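Peer 1: Spelled out, the chains give:
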Amino acid sequence: MSDELILFHNVSKFYGDVLGVNKVDLRIPSGITSLVGPNGSGKTTLMNLMSGLVHPGSGSITVRGISPFAPEKLMRILGYATQYDAAPRGVTGFGFVVAGLLLYGYRQAEAERRAALAIETVSLTHAAQRKIAAYSKGMRQRIRLAQAIAHEPAVLVLDEPLNGLDPLVRAETIALFRNYAAQGRHVILSSHVLQEVDVFSDQVILIANGMIVAEGEIRNVRDEIHEHPSQFLLHCQHPARVASMLFDQADVTEVKIDPGGRGVLVMTRQREAFAAAVQRIALNGEEIDGVMPMDENVDALYEYLIGGGK
Amino acid sequence: MNQIWIIAKLELRRAFFSKRALWVYLLALFPAVIFVGHGISVKMQRDEFAGKPTVSAALLDRMAVGTADADVLAAAGKPLQDRSWDQRGRNIKRRTLMYFDGSRRVWFEFENGALRNTRRRELSSIDEDRKVYAGMFQYFYLRLAVFFGSLGIFINLFRGEMIDKSLHFWFLSPVRREVLLLGKYCAGLIASAVIFGGGAVLSFGALLAYQTSADLQAYWQADALYHGTWYVISAMLGCVGYGSVFLAAGLLLRNPIIPALVMLLWESINGFLPELLQKLSVLHYLQSICPVPPPMDPNVPPLLRLVLAPTEPTSAGVAILGVLGLTALVLYVASRAVRRLEINYGTE
Chain A
1 MSDELILFHN VSKFYGDVLG VNKVDLRIPS GITSLVGPNG SGKTTLMNLM
51 SGLVHPGSGS ITVRGISPFA PEKLMRILGY ATQYDAAPRG VTGFGFVVAG
101 LLLYGYRQAE AERRAALAIE TVSLTHAAQR KIAAYSKGMR QRIRLAQAIA
151 HEPAVLVLDE PLNGLDPLVR AETIALFRNY AAQGRHVILS SHVLQEVDVF
201 SDQVILIANG MIVAEGEIRN VRDEIHEHPS QFLLHCQHPA RVASMLFDQA
251 DVTEVKIDPG GRGVLVMTRQ REAFAAAVQR IALNGEEIDG VMPMDENVDA
301 LYEYLIGGGK
Chain B
1001 MNQIWIIAKL ELRRAFFSKR ALWVYLLALF PAVIFVGHGI SVKMQRDEFA
1051 GKPTVSAALL DRMAVGTADA DVLAAAGKPL QDRSWDQRGR NIKRRTLMYF
1101 DGSRRVWFEF ENGALRNTRR RELSSIDEDR KVYAGMFQYF YLRLAVFFGS
1151 LGIFINLFRG EMIDKSLHFW FLSPVRREVL LLGKYCAGLI ASAVIFGGGA
1201 VLSFGALLAY QTSADLQAYW QADALYHGTW YVISAMLGCV GYGSVFLAAG
1251 LLLRNPIIPA LVMLLWESIN GFLPELLQKL SVLHYLQSIC PVPPPMDPNV
1301 PPLLRLVLAP TEPTSAGVAI LGVLGLTALV LYVASRAVRR LEINYGTE
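Residue numbers (this note's numbering), protein chains in the order written: chain A, 1 to 310; chain B, 1001 to 1348.
What the hints contain is simulated information worked out from the structure, not anything from laboratory work. This one's a predicted model, so the numbers in the text were calculated from it and none came from an experiment. Among the clues, some could well be false.
[Said to hold, decoys possible] EDC-like cross-link-like pairs, simulated, lysine to aspartate or glutamate; straight-line CA separation at most 20 Å:
hint : chain 1 : residue 1 : chain 2 : residue 2
1    : A       : LYS137    : B       : ASP1164
2    : B       : LYS1009   : A       : GLU215
3    : A       : LYS73     : B       : GLU1178
4    : A       : LYS131    : B       : ASP1164
5    : B       : LYS1165   : A       : GLU160
6    : A       : LYS23     : A       : GLU215
[To be verified] Take a look, some chain A residues computed to stay more than 12 Å from chain B by CB distance:
hint : residue
7    : LEU74
8    : ALA81
9    : THR253
10   : ILE281
Even for Gly, the Cβ is constructed at its ideal location relative to N, Cα and C.
The whole structure should be built from the sequences, with the hints applied where relevant.
Peer 2: Structure follows, in structure tokens:
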């Protein structure tokens, strides 16, 4: 089983006196996992730890059963598109990907075939023969992604992979992630674009100040935050009447008319009791068009758990 | 082995053609430029003296101290140069007459009309040139050019990539760190050996190029090939030894100036060290296999003489094994360091 997981056991990492991550325990299954946290929270440190670019001060890590201290084994199943912008001097995009593949032991012809395919996947064929130094930020992002996927790894680690991508390429890239995850592979990524992560992630790991604040499916994480009320939008024809009915419910902590005129915004601590109340109101003849959770996105979780800013 | 070669191939272009390598080429080519310049100068002098009248060497050598200038002029005829001047204050009339015997220039120096000193100088002397070359090779080429050239090439293999923030490219490949180290070392070694071995060949070639055919033939039949080969081997072995040291320094230390100065100091004081510690010097072994002992000017200050004087040489076989053994030891230490090395560009 551990051969299909990425495991962190009590991992701590300090850079001198500066905390990287502290006592991290994680079990990351396959699928798309997003690391979310503010700058300096430890997202990149986690990725660098699992790829062996930095070593834990204490604790242990295995990636599908392989230690990051064995790059000759780990890098055969792992591809990492780092945030580091630099590539070896004077190299073209195509040469960059081919060079990486040669180190995997592919023969020149096979390396070139795979490199061309990976570059085509990230829609960069037109610029493949140009030097990376002349690439835009988005193109550099894509060539790093091409290099990371060229050997078709089982674990794809991506640091801020959507930064600098135009909408079309962004959509294609997300489709690529989904395709990878659907094949039972790991896709681990970090992003500041929280709404995007929310849309395509299977699970989320929230991190702040080097500590894991929450992990799991977005809905499950949200459910664990008992102390914070859930927010719903009730689409209805007569918001004022529905609001007055909801005021009588003990589990409802706040009711207000949606400024956008869509219905009533409700804050409640007990989802089940609230659902029963909505049902009663509907049975009393009030027309309820729908109930929509308003805070099951990463932004909301993020605010609740970390306490504000991105 | 295959991975080592692939890494070396990928690194070679950078080692040979990076802008940082420019001054390495200048260091390597400097002696060749000097000897080419000297050769041109000698050739011009030969052309200049080719049509000049000569006086027999036997006649010129007979002139004893105290001979009158008029007698010299009577015996040897009109000189090629005749310069006179008065040394005021001491009331001395000085005169210098220069003659040419076909291969040497001879200067007779007179005081108040009597011969006081005779100076002789060959237009070119292969023996003298070989000594000059030996001095240049040991005092400049090995101690400075190969030393600093290796510093420039090898320290950049890891430290340079850390500064460029591109080292992660290698660390994210399926290669053992030790293999990566060896691959990069091989790339640096090939580049530095070609550059400095080539520099030694060019400068030795320049030394031979302007010799007279008789001198050249005699030297070629005697020691030329032997000397040239050992000069090239010692330059390349310098790259082997210094390269390993600076590769390790690039892994262990952030500032290359510190290891360079420490190493330079260590190599300089090698002559003062106990015999056992002398064995931990690359220069000690390199000097041992240099084929011609370097000249030492008697006017060199005693302290500098101690620094420049070669240590007691070891045999060529022991010297080669010594450099290789020292290199293996340093590379082992470096392999331990590279396993612990982390990508932490923020602190660079």
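Peer 1: Now look at each hint and say whether the structure bears it out.
Peer 2: We went through each hint and held it up to the structure:
no.	hint	verdict
1	A/LYS137 x B/ASP1164	holds, 17 Å
2	B/LYS1009 x A/GLU215	violated, 44 Å
3	A/LYS73 x B/GLU1178	holds, 14 Å
4	A/LYS131 x B/ASP1164	holds, 16 Å
5	B/LYS1165 x A/GLU160	holds, 17 Å
6	A/LYS23 x A/GLU215	holds, 14 Å
7	LEU74	violated, 8 Å
8	ALA81	violated, 9 Å
9	THR253	holds, 44 Å
10	ILE281	holds, 56 Å
When the structure is compared with the earlier hints, violations turn up for hints 2, 7, 8 and for no others.
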